[in-house]
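Protein sequence lines correspond, in order, to chains A, B and C.
For the record, in the first sequence the residue sitting at position 26 is 26 according to the working numbering, with numbers rising by one throughout.
For the record, in the second sequence the residue sitting at position 206 is 206 according to the working numbering, with numbers rising by one throughout.
For the record, in the third sequence the residue sitting at position 352 is 352 according to the working numbering, with numbers rising by one throughout.
Watch out, some of these pointers could steer you wrong.
As the list claims (entries may be wrong) - Below are the DSS-like pairs computed for lysine-lysine, each with C-alpha atoms no more than 30 angstroms apart in a straight line:
| no. | chain 1 | residue 1 | chain 2 | residue 2 |
| --- | --- | --- | --- | --- |
| 1 | C | 367 | C | 416 |
| 2 | C | 267 | B | 367 |
| 3 | C | 306 | A | 306 |
| 4 | A | 183 | C | 183 |
| 5 | B | 183 | A | 367 |
| 6 | C | 91 | B | 426 |
| 7 | C | 91 | B | 367 |
| 8 | A | 183 | C | 267 |
| 9 | C | 183 | B | 426 |
| 10 | C | 367 | C | 91 |
| 11 | B | 267 | A | 367 |
| 12 | C | 91 | A | 91 |
| 13 | B | 367 | B | 91 |
| 14 | C | 367 | A | 91 |
| 15 | B | 416 | B | 426 |
| 16 | B | 273 | C | 273 |
It is worth saying that the hints were derived from the structure and are not from the lab.
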Amino acid sequence: RETVCIFGTGDFGRALGHKMIQSGYPVVYGSRSTQISNLIPKDAEVLGHAEAAQKAAVIIIAIQRQYYNFLTKLADVLHGKVLVDISNNLKLNQYPESNAEYLAQLLPGSKVVKGFNTVSAWALQSGTLDASRQVFICGDDVEAKQMVMNIVRGLGLTPVDKGSLLAAQEIENYPLQLFPMWKFPIFLSLGLGLFFFFYCLVLDVIYTYIYENNDFSFFIAISIPNQVFPAMALTLFGLVYLPGIFAAIIQLYRGTKYRRFPDWLDKWMLCRKQLGLIALAFAALHAVFTLVTPLRAFTSWSTSTKIISQALNNQTEPLDHTNAWLNDSYLALGMLGFFVFVLLGISSLPSVSNSVNWREFRFIQSKLGYLALILCTAHVLIHGGKWFLNPEAYKWYLPNIYMLALVVPCIVLVVKCVLILPCVDKPLTKIRQGWE
Amino acid sequence: RETVCIFGTGDFGRALGHKMIQSGYPVVYGSRSTQISNLIPKDAEVLGHAEAAQKAAVIIIAIQRQYYNFLTKLADVLHGKVLVDISNNLKLNQYPESNAEYLAQLLPGSKVVKGFNTVSAWALQSGTLDASRQVFICGDDVEAKQMVMNIVRGLGLTPVDKGSLLAAQEIENYPLQLFPMWKFPIFLSLGLGLFFFFYCLVLDVIYTYIYENNDFSFFIAISIPNQVFPAMALTLFGLVYLPGIFAAIIQLYRGTKYRRFPDWLDKWMLCRKQLGLIALAFAALHAVFTLVTPLRAFTSWSTSTKIISQALNNQTEPLDHTNAWLNDSYLALGMLGFFVFVLLGISSLPSVSNSVNWREFRFIQSKLGYLALILCTAHVLIHGGKWFLNPEAYKWYLPNIYMLALVVPCIVLVVKCVLILPCVDKPLTKIRQGWE
Amino acid sequence: RETVCIFGTGDFGRALGHKMIQSGYPVVYGSRSTQISNLIPKDAEVLGHAEAAQKAAVIIIAIQRQYYNFLTKLADVLHGKVLVDISNNLKLNQYPESNAEYLAQLLPGSKVVKGFNTVSAWALQSGTLDASRQVFICGDDVEAKQMVMNIVRGLGLTPVDKGSLLAAQEIENYPLQLFPMWKFPIFLSLGLGLFFFFYCLVLDVIYTYIYENNDFSFFIAISIPNQVFPAMALTLFGLVYLPGIFAAIIQLYRGTKYRRFPDWLDKWMLCRKQLGLIALAFAALHAVFTLVTPLRAFTSWSTSTKIISQALNNQTEPLDHTNAWLNDSYLALGMLGFFVFVLLGISSLPSVSNSVNWREFRFIQSKLGYLALILCTAHVLIHGGKWFLNPEAYKWYLPNIYMLALVVPCIVLVVKCVLILPCVDKPLTKIRQGWE
Ligand SMILES: Cc1cc2nc3c(=O)[nH]c(=O)nc-3n(C[C@H](O)[C@H](O)[C@H](O)COP(=O)(O)OP(=O)(O)OC[C@H]3O[C@@H](n4cnc5c(N)ncnc54)[C@H](O)[C@@H]3O)c2cc1C
Ligand SMILES: Cc1cc2nc3c(=O)[nH]c(=O)nc-3n(C[C@H](O)[C@H](O)[C@H](O)COP(=O)(O)OP(=O)(O)OC[C@H]3O[C@@H](n4cnc5c(N)ncnc54)[C@H](O)[C@@H]3O)c2cc1C
Ligand SMILES: Cc1cc2nc3c(=O)[nH]c(=O)nc-3n(C[C@H](O)[C@H](O)[C@H](O)COP(=O)(O)OP(=O)(O)OC[C@H]3O[C@@H](n4cnc5c(N)ncnc54)[C@H](O)[C@@H]3O)c2cc1C
Ligand SMILES: NC(=O)c1ccc[n+]([C@@H]2O[C@H](COP(=O)([O-])OP(=O)(O)OC[C@H]3O[C@@H](n4cnc5c(N)ncnc54)[C@H](OP(=O)(O)O)[C@@H]3O)[C@@H](O)[C@H]2O)c1
Ligand SMILES: NC(=O)c1ccc[n+]([C@@H]2O[C@H](COP(=O)([O-])OP(=O)(O)OC[C@H]3O[C@@H](n4cnc5c(N)ncnc54)[C@H](OP(=O)(O)O)[C@@H]3O)[C@@H](O)[C@H]2O)c1
Ligand SMILES: NC(=O)c1ccc[n+]([C@@H]2O[C@H](COP(=O)([O-])OP(=O)(O)OC[C@H]3O[C@@H](n4cnc5c(N)ncnc54)[C@H](OP(=O)(O)O)[C@@H]3O)[C@@H](O)[C@H]2O)c1
Ligand SMILES: CCCCCCCCCCCCCCCC(=O)OC[C@H](COP(=O)(O)O)OC(=O)CCCCCCCCCCCCCCC
Ligand SMILES: CCCCCCCCCCCCCCCC(=O)OC[C@H](COP(=O)(O)O)OC(=O)CCCCCCCCCCCCCCC
Ligand SMILES: CCCCCCCCCCCCCCCC(=O)OC[C@H](COP(=O)(O)O)OC(=O)CCCCCCCCCCCCCCC
Ligand code: HEM
Ligand code: HEM
Ligand code: HEM
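Based on the sequences and whatever the hints tell you, model everything.
As structure tokens, then:
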């Protein structure tokens, strides 16, 4: 394999050098000081920048951007060489142009390729590369890019060609992000969750404590979470399908689909996937918290108390058929709803969504999604139905938490019903097909 | 970035133009009417076809196939240009040749590239591209293809090179499909499910109503589904491994593996994955429906009735050890079987199956698959065992549903046992290694 | 499509030929005997090696490596041709150089491309290609590689370019492996599992049998597994994070990160993913085995016995609030721990880990991982807490199994607490940034 030159004997330079030597590439370092420290890989040569550059066709610039200007002095030596810019910044869009474009401006005679910046020095060294096996590459010179991609493959990594050097900005921003799309949904659910939690605490623990003088503070561990989680799940699930409703109304009102939606709606529509997955997470928690109920000390205590009191009164209740029907059907609806919900989740795994086409994906996400929403809403309606008109359900005149949770999904389902009426659907379809 | 020309100011043309302008490509439209409507992206120019074509090297033909013939008049202008055919048809294999090949025949001097047809206009505009991030590209001219792939990358999408223009037919058919491989398995399970459902209804609800005068209609919500789902799961699971058995017998009988299987067997073998996943879905439903049992009003009613009647009779039963053994072991077998079943499911996620090799995949699918089948069959055998010889189990002389469910898996397991006998396995192995 | 030549009419040669003819490639075989057997695809020609080679630009060598030397005689005919080496060996690293490199040495005038060896003959024929849809290709000549990749695409498979011919060794070893990374973790957990199982058997079944004369042998089906599984899960989970602790201590002690870790630590760190997934599998089994408890015959027997005895004594116990708190909180902690655990599992699916960056991946694996470990450890501590100081818990002076299971995670958590103290963390961070 051909010699590779690395400028800079810092953390990343050394790690990359180690890996290259392991993979059979002769490595020569270009450094300000040519003293060989014992940190530098044993089989590597360390020379001055100019000499090192002459020994290789590909030069990896493992130096921070702010020191790049010293390279202009080497412009002659670097002429025609492939320079690999591996630098990252500390902030998103820190500089007006990307580091790679800046390097290309400094050295117009060299072929600049961006790459390797998404790989961590530690991952390279320790071999635990799971999240950085893909190396994004971009550059204007096709052959230079090909050379760098071969090196990437030689190191056992997967090169991903991102096109021309214009993509460098994006590639540089990539490793600085921490779940950018998840931020809003997570904060929203945190806020909503806290609200629901205290609402429940007041109604279930504090109210009982004040009026019935019962200390049910241990409800905080399971009972209250198991009211908050499903309420969150249902509300967020509704919020996934609400923006689609707004979009349809706006399109109908405007009579065209070619004007941009208001900004908030745009953003909202783009984080529906995240909202949906968070809703799924809460639904899964609800399912597990519910299934665990029979194991609770509280459950066995209340069951045995009830049975014993019946036994002591010599009394056996007949089976209440209506109740059995209602109870079984809300459970069945909940489970079926959850099942379809999980299918939505599975289909949003990147590898699954990549292997279905747009029509299939929309069938799952839109048709099955509404089916799941209907099932879940029905689950809660049947579970809570008999209490809606019962004043006892309204402690301190406040509605129960599941009534709050029903608001958004019910709105969504009702408006959606209107939208699929033929007289509304027809013009909408035309608008969506691009008609004026 | 270089100017791109789009022929056709229809829905797709506009959506693509919007996106291109956003991504920094100058866009010029070629249209029959050069009047600028306000639907067309603001920064785009609209010209006649010939003038527009001259301004760009890449021309995207956003026009339906049936109007292509007008392009022959522009043959001169289009000579040497890269034409991107993005058209879809309304039906699978609507025309004898693909649209792209038709275009290439019309304009032999131009370089035709197929692409973008799997992307939806709406997805492009709204940015929700999950299932259409991959843009399949094919074409005979490598450089033309490279140019189009760079544009694809420039728009933030992932080009997937599908080879020469011969692949156009396949690419054009792709977006028209709606789960083609799932159709048969789904109809099969619908049919089977309905049969099992009514069978159960008759035995559990109608029979009880007639002979015991008990109204157990609420069993429709949970009890009956929880007999139908596992029966479906087990039968379909058996049907996954049955074709392999047939294949082996046919190969043994013919003494060669080089003659095609009968058509029905071929099709059956190709939809085993789908059958297996549907079986898994039913098994998961069975698991959840089972775990929810203790929460049912009916369960708490029957438990308390039983306990109270024992208490009133002053009687406590001793623990029946045989029953405890049987009960615990069928539950344990069911859970272990389900566990291995889920592993099969996980390993058939595209990203997981891509990262194991053929030997590993077959180990999971074939070895672990049979293990799961054995565990699940044993689960049902032990659960139902004591009833097989009990005439009471046969209401109206009909076998119980789980007895029906056992038929297919038991056949599979018995024949498989024969097939792995050394005296049968040896010739079979030779046949499979290509011997005559 | 262009004619392809295949040398060798064996199993693989025929299967590939069939597939190629199906996909529209004219096929000509080069064979020692030009008699057409009826195993050979109908539309293929069979010629002598030299004649066959002249008819095509690409020649697929479907012959075992040991017979390659006869090809030297054909060196003239094969000059300039693309030879595709598809051979596999029987053992890992059987020969000093890879088969493809050996072929290239034999025929220096030909362009050798390695490929197709990961595809199974049977998969090709039967169309069930799930785990061998990716065809790894390598070779020194870019154009030759491109030609082979086009054929791969033409067959409906996905070529994956692995770079120069140096990658052939790796590609040849790939299909011989059977979960190499999983071996150690699986043996470890088998050993540990057996130990825990017999330990539990002794304490729960044999001890009870000897001292209380109770036959609880049926505990082997559910109760004992449900002590072994969670203990395994917790111990393995601890073992996932233990090597990181060792690594930190070693780095602190050495003052540098550039010296290799001892070999055992290196290996251990590289199989943490597998250890973690096995831990997850055991945790899932624990969850399901726990949730199924209320369905056990033993549970309903012991519940009703307890209730009846209370009823017969006319006695109802009040709710023990402390117990309710402890019970609910250990359950809640277990469920939350399991939930985060499953998130770790989901994020290690290849397609998910590929779509997050290194920072995000480490956030999930390291931060959320420790969170899950804390939750699970707290779950067990609270569940078992009251027994630690109770001599009754120590049958035969042996600690209970969950006490053993707590050892590793508790050590990990305590040492980690020390490591994140600012006075330790600061120098560690510097070392990790590459400082001396
Ligand atoms: C568990 C879970 C996982 C999810 N995963 C994903 C995911 O991976 N990816 C993802 O994107 N979403 C995901 N979601 C979110 C959600 O399911 C989808 O966004 C879904 O497509 C929304 O359906 P819809 O019918 O409301 O929206 P849309 O189909 O977007 O419809 C909304 C509105 O957009 C307009 N519109 C729709 N189609 C067209 C068209 N062809 N032309 C013009 N205008 C049109 C209409 O006005 C329509 O009313 C997930 C949700 C959940 C619960
Ligand atoms: C949950 C679940 C998920 C599944 N996912 C998938 C999936 O992703 N992909 C998939 O393909 N299937 C999947 N399946 C289906 C099934 O597991 C596999 O098809 C499995 O390989 C069948 O095993 P088998 O031993 O019966 O079949 P095979 O190994 O195909 O054997 C069947 C017959 O084919 C012949 N045969 C087998 N090997 C050879 C050989 N080397 N040479 C010549 N002849 C041979 C023999 O006659 C053999 O008897 C799934 C099933 C389930 C339950
Ligand atoms: C369900 C499950 C799934 C898992 N899936 C995966 C998976 O897919 N891939 C995977 O790799 N692991 C996986 N794991 C294992 C585990 O979660 C990870 O390895 C995790 O990163 C370990 O975290 P840590 O903080 O101990 O390790 P590390 O972050 O590796 O830290 C260990 C030590 O390495 C050194 N170190 C860490 N970072 C640096 C640095 N930047 N520079 C120098 N030295 C450094 C330090 O000395 C540190 O103490 C999985 C675990 C579980 C339970
Ligand atoms: N560390 C990572 O995990 C990682 C990952 C991806 C990308 N990167 C990028 O890699 C680059 C280097 O990072 P690093 O962690 O290796 O930094 P570092 O350890 O600080 O090393 C920087 C090296 O640059 C050279 N240098 C410093 N000042 C210079 C100057 N004035 N003139 C010329 N050379 C100078 C020095 O090498 P000599 O002493 O040999 O001259 C020094 O060792 C950064 O741009 C970073 O964004 C790092
Ligand atoms: N819509 C999608 O989601 C989508 C997705 C993928 C592929 N496609 C494909 O894109 C193509 C166009 O679809 P579309 O939805 O944009 O259709 P459209 O809205 O009907 O637009 C078609 C355009 O073609 C031009 N045109 C029509 N008749 C013509 C004629 N006789 N001669 C010359 N030009 C004519 C018109 O443009 P001028 O008035 O400017 O001349 C018209 O706007 C189709 O082949 C379709 O399969 C569409
Ligand atoms: N079978 C698979 O699933 C599979 C998968 C991947 C790779 N491979 C590789 O493909 C290669 C062939 O495997 P196979 O299963 O096809 O083996 P096979 O059935 O034994 O066929 C080998 C063929 O090589 C030819 N041959 C044998 N001895 C020869 C000699 N002394 N001189 C010249 N030609 C000779 C023969 O063809 P003629 O009689 O026509 O001359 C024979 O049919 C092996 O390297 C194997 O590793 C096989
Ligand atoms: C109530 C709990 C519900 C659990 C549901 C499990 C259902 C499994 C059904 C899979 C349906 C897949 C739809 C695929 C769409 C498609 O066409 O997808 C097409 C793709 C691509 O296929 P091809 O490329 O082969 O054509 O197929 C797949 O990706 C298969 C995905 C399999 C997923 C299995 C996941 C298992 C995870 C199990 C979790 C179980 C938890 C159990 C808890 C109790
Ligand atoms: C009874 C419920 C059972 C739940 C089972 C969870 C088991 C997790 C065990 C994972 C086994 C993976 C086999 C991989 C084969 C392989 O080598 O695969 C190899 C691949 C590739 O690895 P490399 O590329 O790193 O080598 O590894 C993987 O893909 C890892 C897959 C991880 C999957 C985790 C999925 C979590 C989903 C959890 C659902 C939980 C539901 C719980 C309900 C109660
Ligand atoms: C207690 C049981 C817990 C079950 C937990 C289900 C949680 C689902 C939450 C998903 C979280 C995903 C984190 C993704 C990180 C990320 O940014 O990931 C980013 C990626 C890529 O996204 P983009 O490329 O679109 O940006 O997103 C994903 O991959 C989404 C993964 C979805 C996974 C859904 C899996 C469903 C399987 C369900 C099993 C349910 C079992 C139920 C048993 C009772
Ligand atoms: C496995 C599937 C499910 C089961 C077994 C289940 C079971 C239950 C049960 C038993 C209750 C009553 C709880 C109580 O009395 O306190 C309940 C309530 C509820 N469920 Fe579910 N459910 C499931 C899925 C879902 C899903 C997917 C959603 C929504 C997305 C949901 C939303 C709700 C809501 C909002 C409540 C009312 C909470 C309250 O008591 O205030 N459930 N569910
Ligand atoms: C979590 C795992 C599982 C558990 C806890 C479980 C539990 C049970 C229980 C309690 C029953 C008795 C139901 C009744 O009395 O009505 C049952 C029956 C049955 N199970 Fe399972 N099971 C599991 C997994 C499976 C799997 C994976 C299959 C098959 C693929 C399966 C197939 C069956 C069948 C066919 C029956 C008979 C249904 C009937 O009553 O007619 N089970 N299971
Ligand atoms: C769905 C989540 C979980 C639930 C419902 C759950 C429930 C339980 C229950 C009820 C017990 C007491 C069993 C008994 O008394 O015999 C227990 C014990 C235990 N759990 Fe969990 N758990 C969960 C998750 C986990 C996880 C994720 C781990 C560890 C990784 C874990 C580790 C343990 C251990 C070590 C024990 C002690 C086993 C023994 O009795 O010796 N659990 N769990």
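TODO: Starting from the hint list further up, note which numbers the structure goes against and sort them upward.
DONE: The structure breaks hints 4, 8, 10, 12, 13; every other hint is satisfied.
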